[in-house]
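K.L.:
Those sequence lines, one after another, are chains V and W. No gaps in the numbering here: position 162 of the first sequence is 162 in my numbering, and each next residue is one more. No gaps in the numbering here: position 123 of the second sequence is 1123 in my numbering, and each next residue is one more.
Worth flagging that the hints you see were computed from the coordinates, not collected in a lab. Treat the hints with care, as some may be off.
Said to hold, decoys possible - In the DSSO-like style, the derived pairs of lysine-lysine whose C-alpha atoms are separated by at most 30 Å in a straight line are:
| # | chain 1 | residue 1 | chain 2 | residue 2 |
| --- | --- | --- | --- | --- |
| 1 | V | Lys-84 | W | Lys-1048 |
| 2 | W | Lys-1048 | W | Lys-1148 |
| 3 | W | Lys-1112 | V | Lys-84 |
| 4 | W | Lys-1112 | W | Lys-1048 |
| 5 | V | Lys-120 | V | Lys-39 |
| 6 | V | Lys-39 | V | Lys-28 |
| 7 | V | Lys-28 | W | Lys-1048 |
| 8 | W | Lys-1112 | V | Lys-120 |
| 9 | V | Lys-39 | V | Lys-84 |
| 10 | V | Lys-28 | W | Lys-1030 |
| 11 | W | Lys-1030 | V | Lys-120 |
| 12 | V | Lys-84 | W | Lys-1149 |
| 13 | W | Lys-1030 | V | Lys-39 |
| 14 | W | Lys-1048 | V | Lys-39 |
| 15 | W | Lys-1149 | V | Lys-28 |
| 16 | W | Lys-1030 | V | Lys-84 |
| 17 | V | Lys-28 | W | Lys-1148 |
| 18 | W | Lys-1149 | V | Lys-120 |
Residues per chain are reported as follows:
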Amino acid sequence: MVNIVWLLLMVSGIIVAAANGNIEVITKAALEGANDAVKISFSLIAIITFWLGIMKLAEEAGLVRALAWLVRPLMRFLFPSVPKDHPAMGAIVMNLSANILGLGNAATPMGLIAMRELQKLNRNSDTASDAMCTFLGLNTACITLIPTTIIGIRLLYGSADPTEIVGPTIMATAFSMSVAIVVDRLLRLIYSSRR
Amino acid sequence: MLGIIAELSRWAIPVILLIVPLVAMLRGVKVYETFVDGAEAGFATAIKTIPYLVAMLVAISVFRASGAMEVLVAALSPLLNYVGLPAEVLPHAVMRPLSGGAALGIASDIIKTHGPDSFLGRLVSTMQGSCDTTFYILTLYFGSVGIKKYRYSVILGLVADLTTLIASIFIINMVF
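For reference, chain W alone in the conformation it holds in the complex (with noise of 0.2 Å):
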């Protein structure tokens, strides 16, 4: 089953290169035209996204250098330990939504230090693979477009994120 997974992700984008352009000239396309007309909106949309990446990121980034996120956790472990969250991952819950290199390297580390069979490699590995980095792609999404009113896009993210987290713990108790 993952092996046939697998082939699908290798073939998928190649096979859409392929046929995408023998249907478009099938169908009269002036495909080569048509390709840079439709291109030529990449430069201004990635460009837009710049001041809404930069607001969020330096944002992020001042968190992470200023020790911000070992108060948080101090504060918070209490009341999740209550719940059944194990101290050691909650960093990688709080960093996972903002930023997703910092909260693989969380990963990465509890992994080597717990092995990466134990309850928490296994646990911390689903809850890497479960979850996006939500604030990303809300800056990255909106700001494409000029959107700066988020609406309740920002809770039904976080919603979603702490739905997997709690269900990352269920299950990985459940299978293992």
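If we strip away everything but chain V, and leave its shape as in the complex, we get (with noise of 0.2 Å):
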């Protein structure tokens, strides 16, 4: 699947530049792709330095296992293959949590390190896990609860009220978020199956 949209992304972009008589765009494009993508790797640097300390420090004072302990049964539901009180389902915690309240940069190295943790209880160390998928899943349709950025714009442009759409924001998250969950699952009975 993601080898085909990256196959999708890369062919109609060259093809459409080409019949729109642009094509020097694209190597100027790729060149800036790429640039944007180290950028963005060496800026990881420090905050994932920065919290793989303090994380690793919270798992040494049992934290870690105390968080993924109290929330145990909603957590063995979603992730049934990972052991209980494992620091995966810690890192996993925090993760979701720092989405919720839009703390964007704990959120991501927080991310990284569930998948660390989750990497370690994989079989095999280049497919994704069934956990893994759910993780994921989970993430992209997190509910954040307070959408800062494009609260931001609409103040900008002069809403009336730019915090009327947290509503509408938190339902439409709550509902794809169950979607998620209801998927991954029939997604994970099709796969295992298929293997």
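Can you join these two chains into the complex? Each is in its own frame, and there are hints to help.
P.N.:
Quick look at the structure:
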């Protein structure tokens, strides 16, 4: 699937540019994309290093396990393949909480820490495990209580009530998160029978 | 309610940074040494994402710059008009899973042109606020642990995005 998406983006881009007679934008766009990617990775070094340090402390202090224990019933249901009280559970909860509170700077490193923990449980190191697919599904469909950026833009263009979209946003994400959980279960069944 | 959530967001990280080292110390953990031990993997984790992000962001950048999105929007708009999605927000719906920055640009533009309190303004605000950049998250998270085969996570992410889109249209029509 990701192979098809990638190929379609590249091929359709190049064909359309050629048909429009501005093929010269392709080379420039490719280099810009690569440049952005490296910049993002470099900017992640700082926050990942910082949060890995804090999370190691939290783990040694027993706080990650305590957190995992607190939300055990829900997490057992969502991630049946992860042993209870595993550090991955704690990291997943931290990531989702940071997402819900709109703390982007903490959410990403927490997510990467959760992936490291899930990878330790993964039998096939180049293939996504069931738990990883569930985690990413939840992550991309996650509720955000306050979408700060878009509220700022609404304010900028003179909205009478910039925060009026908070309610609809929570409803929309709550709905799509529920759908994601159900679809994840269905896809898990389909894909596990295929192997 | 909104005020409470905003305060919670403001205090969450400082409180974590206070409690974690204190509890660790009380439980006899050598705080400084443990922090450094954990943080050691940070550089490698971040650098490991480079090839994955380069591959994905190059493809997205080529797609954006070429004008292929306009072609796709023209091809899809009769179908989407049929299900009640206004053609104006279609570029946003297509870009949202691919590029957060590009989607935000499109959203600002719609809000500027049609007004933040119009139907389109509210719809695009909800769409921007309730989705994440699916392909960026997939690429980054899987890249950091060297996973190349994404299995059904791409379909799952896109289904979630589509659901959010449909739910946003429905809810905005209902609420306002």
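K.L.:
For every hint, state whether the structure bears it out.
P.N.:
Consistency of the hints with the structure:
1. V:Lys-84 - W:Lys-1048: holds (29 Å)
2. W:Lys-1048 - W:Lys-1148: holds (12 Å)
3. W:Lys-1112 - V:Lys-84: Violated, at about 49 Å.
4. W:Lys-1112 - W:Lys-1048: Violated, at about 39 Å.
5. V:Lys-120 - V:Lys-39: Within the cut-off at roughly 28 Å; holds.
6. V:Lys-39 - V:Lys-28: holds (16 Å)
7. V:Lys-28 - W:Lys-1048: holds (24 Å)
8. W:Lys-1112 - V:Lys-120: Given pair Lys-1112 of chain W, Lys-120 of chain V is violated - Cα atoms ~48 Å apart, limit 30 Å.
9. V:Lys-39 - V:Lys-84: Violated: Lys-39 of chain V and Lys-84 of chain V sit about 37 Å apart, past 30 Å.
10. V:Lys-28 - W:Lys-1030: violated (50 Å)
11. W:Lys-1030 - V:Lys-120: holds (25 Å)
12. V:Lys-84 - W:Lys-1149: holds (26 Å)
13. W:Lys-1030 - V:Lys-39: violated (34 Å)
14. W:Lys-1048 - V:Lys-39: Between Lys-1048 of chain W and Lys-39 of chain V the Cα gap is close to 13 Å, so the pair holds against 30 Å.
15. W:Lys-1149 - V:Lys-28: holds (29 Å)
16. W:Lys-1030 - V:Lys-84: Satisfied, since the Cα-Cα distance of roughly 27 Å is no more than 30 Å.
17. V:Lys-28 - W:Lys-1148: holds (27 Å)
18. W:Lys-1149 - V:Lys-120: Holds, because 16 Å separates the two Cα atoms, which is no more than 30 Å.
Of the numbered hints given earlier, the model fails hints 3, 4, 8, 9, 10, 13; all others are met.
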